[in-house]
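Which chain is which? The protein sequence lines are A and B, in order.
The first sequence begins at 1 in the working numbering and counts up by one.
The second sequence begins at 1 in the working numbering and counts up by one.
Derived by calculation from the structure, the hints in this document are not laboratory data.
Some hints could be false.
Any copy, or any two copies together, can satisfy a pair, since identical chains are not distinguished.
[Unchecked claim] Below 30 Å or equal to it, Euclidean Cα-Cα: the simulated DSSO-like pairs (lysine-lysine) are:
{"no.": "1", "residue 1": "K53", "residue 2": "K232"}
{"no.": "2", "residue 1": "K3", "residue 2": "K296"}
{"no.": "3", "residue 1": "K3", "residue 2": "K232"}
{"no.": "4", "residue 1": "K213", "residue 2": "K134"}
{"no.": "5", "residue 1": "K131", "residue 2": "K233"}
{"no.": "6", "residue 1": "K177", "residue 2": "K297"}
{"no.": "7", "residue 1": "K287", "residue 2": "K177"}
{"no.": "8", "residue 1": "K134", "residue 2": "K62"}
{"no.": "9", "residue 1": "K232", "residue 2": "K213"}
{"no.": "10", "residue 1": "K296", "residue 2": "K177"}
{"no.": "11", "residue 1": "K213", "residue 2": "K297"}
{"no.": "12", "residue 1": "K3", "residue 2": "K233"}
{"no.": "13", "residue 1": "K213", "residue 2": "K30"}
{"no.": "14", "residue 1": "K299", "residue 2": "K53"}
{"no.": "15", "residue 1": "K288", "residue 2": "K62"}
{"no.": "16", "residue 1": "K30", "residue 2": "K134"}
{"no.": "17", "residue 1": "K53", "residue 2": "K287"}
{"no.": "18", "residue 1": "K53", "residue 2": "K30"}
{"no.": "19", "residue 1": "K30", "residue 2": "K297"}
{"no.": "20", "residue 1": "K62", "residue 2": "K302"}
{"no.": "21", "residue 1": "K134", "residue 2": "K208"}
{"no.": "22", "residue 1": "K288", "residue 2": "K177"}
{"no.": "23", "residue 1": "K287", "residue 2": "K3"}
{"no.": "24", "residue 1": "K134", "residue 2": "K177"}
{"no.": "25", "residue 1": "K177", "residue 2": "K30"}
{"no.": "26", "residue 1": "K30", "residue 2": "K62"}
Number of protein chains: 2
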Amino acid sequence: MSKRHSIGIDLGGTNIKFGVVSHDGEVLHKGMLSAQVNLGREAILSNLRLAVKRSLAFAGRKRIRVNCIGVGSPGSVNPRTGKIEGSCPNLPQMLGVNLKRRLSDHFDYPIHVDNDANLMALAEFKFGAAKGFKDVLCLTLGTGIGGGIILGGELFHGSSFAGAEFGHMTINHRGRKCNCGGIGCLEMYASAPAMVRDAKRLLRNDRKSLIHKLTRGDSSRLTTEVIFQAEKKGDATASRVVNRACEYLGAGIASAVNLVNPQVVVIGGGVSQGGLGFIRRIENEVKKRAFPSATKKLKVVKAKLGNDAGFIGAATLCSSAVR
Amino acid sequence: MSKRHSIGIDLGGTNIKFGVVSHDGEVLHKGMLSAQVNLGREAILSNLRLAVKRSLAFAGRKRIRVNCIGVGSPGSVNPRTGKIEGSCPNLPQMLGVNLKRRLSDHFDYPIHVDNDANLMALAEFKFGAAKGFKDVLCLTLGTGIGGGIILGGELFHGSSFAGAEFGHMTINHRGRKCNCGGIGCLEMYASAPAMVRDAKRLLRNDRKSLIHKLTRGDSSRLTTEVIFQAEKKGDATASRVVNRACEYLGAGIASAVNLVNPQVVVIGGGVSQGGLGFIRRIENEVKKRAFPSATKKLKVVKAKLGNDAGFIGAATLCSSAVR
Chain A
1 MSKRHSIGID
11 LGGTNIKFGV
21 VSHDGEVLHK
31 GMLSAQVNLG
41 REAILSNLRL
51 AVKRSLAFAG
61 RKRIRVNCIG
71 VGSPGSVNPR
81 TGKIEGSCPN
91 LPQMLGVNLK
101 RRLSDHFDYP
111 IHVDNDANLM
121 ALAEFKFGAA
131 KGFKDVLCLT
141 LGTGIGGGII
151 LGGELFHGSS
161 FAGAEFGHMT
171 INHRGRKCNC
181 GGIGCLEMYA
191 SAPAMVRDAK
201 RLLRNDRKSL
211 IHKLTRGDSS
221 RLTTEVIFQA
231 EKKGDATASR
241 VVNRACEYLG
251 AGIASAVNLV
261 NPQVVVIGGG
271 VSQGGLGFIR
281 RIENEVKKRA
291 FPSATKKLKV
301 VKAKLGNDAG
311 FIGAATLCSS
321 AVR
Chain B
1 MSKRHSIGID
11 LGGTNIKFGV
21 VSHDGEVLHK
31 GMLSAQVNLG
41 REAILSNLRL
51 AVKRSLAFAG
61 RKRIRVNCIG
71 VGSPGSVNPR
81 TGKIEGSCPN
91 LPQMLGVNLK
101 RRLSDHFDYP
111 IHVDNDANLM
121 ALAEFKFGAA
131 KGFKDVLCLT
141 LGTGIGGGII
151 LGGELFHGSS
161 FAGAEFGHMT
171 INHRGRKCNC
181 GGIGCLEMYA
191 SAPAMVRDAK
201 RLLRNDRKSL
211 IHKLTRGDSS
221 RLTTEVIFQA
231 EKKGDATASR
241 VVNRACEYLG
251 AGIASAVNLV
261 NPQVVVIGGG
271 VSQGGLGFIR
281 RIENEVKKRA
291 FPSATKKLKV
301 VKAKLGNDAG
311 FIGAATLCSS
321 AVR
């Protein structure tokens, strides 16, 4: 085969996703294994190597030539050195690790490393919902709110690789205290746990909500999926929670749009699967709030690559110009 | 003289400032004339030409060779075409005007046009408080809150030339309605008029405030200068107004820092002259709120070039790479 291929590895707080990806974005093979984060740094590194080995084994069997290995990790990653330099709350044991060096010791391939949310943005830009655009904001809504920024067709990193923290834009200067130390950060209002907290609060005054039935009265079963499901069936409390989330997200994204003036905002992550026009409702809120000159041509769209975006983006690093 | 020189023109809502500037930032001549905005578009254009002619006359007398003319204007300016494309609330009569073409008809020099706040940022980056940095946020605090962004040593424009609207970052998602149509925009809280409004509100419950004395009981004399003056003399209400402004600015700038992760934030405009450690207090608020990985090396500094920044930046266009 003459096509060029790379291995992409996506290190998460729980699992490692990996795949063999062609340079035009086709996924030829993918897999997942536990990161075993509770066993510490060396176990995580050993599992990362295992993910590479499984990918290489697949490539060997299929006689696919692998050109390079790309890795995405939580935290502030220096893409020039491959080191995890800062702010890694989901995987604190990896702080300070030079992933590039630790993998180069075992594999004789060029190795590139970047932040996981940046790589999801890169994947959506190259092969997903933002294909064809050059100025892109990409947000992921899940346990946290993260994201990546593409400017002029290149992944944007910021001066200390700490940019694109959409979850930590202020939407209420005297609001909820955030885990990051900040005040009124978007993540405290519109992440999955924040939506669940909001629902629990409202449910205290709504004993008849369908949500009680869907969770069989067990609030530990309350997830954003349940909230969206209840809204679909006409539940007023569920609808209120989702409307509020759209308002919060609209306010935060409008700020970002007024500052960075992108062509497209891509919204991914588990919560983005909400349905019922969730993305359209966020878009309406953004367009209501942001500058007309910044929203006139703006598109707000759902991410396309789902859970594969992380390793596809990592594989894509091999063929991308990274500043 | 072998040094290269340009003419810089700064079109404002009231006046036109202009100057002859060497390519290393030395101001050899400067002047100001009324834009006569109430006389309409053609009068403004005629005054812009007059500013150019006066600059050329100076250069002629001193035998200075002028290479090029740069012009800054309010609104969303397309630097490639030289047209004012959008959002020009301070000079609505200029919306849609192609400044580059309208001046090229009269002067046989290369002409470059950009947004006025962008050019202030460019001037501070080339010759002022942000010299030596490459990722810069520059805010101007005055009647409005505007600014410019330098990324990787280049002026950043956004996909429709509508970026860097610091005044329209949300700091309170259910807060004050803004003139731009948005809700809770920073400008509604920390611009000069917003500070004056806050002071007036607080003064109703403080008949003994020094501010009453300084304005001789005439609230139309209440300006941010008076507020800063009263604070300097220990007035509690004045201090409360300034502290709040620092809190608002800290929240907005922290959002921008978490998103763009610059090396330095430059604060200019009339209000930045506040004194009493105004800039330090804003810096403290930013560092309290933003991500440690984004603030560790961050500097927050006062602008250096004052009212000249606009025309210096315009002249600088001639020697800058603009995307």
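Status of the hints after comparison with the structure:
1. K53 - K232: Neither way: K53 and K232 sit 44 Å apart in one copy and 67 Å across, limit 30 Å.
2. K3 - K296: neither (40 Å within a copy, 44 Å between copies)
3. K3 - K232: Neither, since 45 Å and 70 Å both go past 30 Å.
4. K213 - K134: Answer is neither; intra-copy 46 Å and inter-copy 56 Å both fail.
5. K131 - K233: For K131 and K233, the Cα distance exceeds 30 Å both inside one copy (35 Å) and across copies (59 Å).
6. K177 - K297: between (35 Å within a copy, 24 Å between copies)
7. K287 - K177: both (27 Å within a copy, 15 Å between copies)
8. K134 - K62: Answer is neither: 35 Å inside a copy and 47 Å across each miss the 30 Å cutoff.
9. K232 - K213: Cα proximity of K232 and K213: one copy only (14 Å, versus 62 Å across).
10. K296 - K177: between (34 Å within a copy, 21 Å between copies)
11. K213 - K297: Neither: 43 Å inside a copy, 52 Å across copies.
12. K3 - K233: neither (48 Å within a copy, 74 Å between copies)
13. K213 - K30: neither (38 Å within a copy, 75 Å between copies)
14. K299 - K53: neither (40 Å within a copy, 44 Å between copies)
15. K288 - K62: neither (52 Å within a copy, 54 Å between copies)
16. K30 - K134: within (28 Å within a copy, 40 Å between copies)
17. K53 - K287: neither (47 Å within a copy, 43 Å between copies)
18. K53 - K30: within (12 Å within a copy, 68 Å between copies)
19. K30 - K297: Intra 36 Å, inter 40 Å, cutoff 30 Å: neither.
20. K62 - K302: neither (34 Å within a copy, 61 Å between copies)
21. K134 - K208: neither (48 Å within a copy, 57 Å between copies)
22. K288 - K177: both (27 Å within a copy, 12 Å between copies)
23. K287 - K3: neither (42 Å within a copy, 49 Å between copies)
24. K134 - K177: neither (35 Å within a copy, 32 Å between copies)
25. K177 - K30: Neither, since 39 Å and 50 Å both go past 30 Å.
26. K30 - K62: within (14 Å within a copy, 72 Å between copies)
In summary, the numbered hints that this structure violates are 1, 2, 3, 4, 5, 8, 11, 12, 13, 14, 15, 17, 19, 20, 21, 23, 24 and 25.
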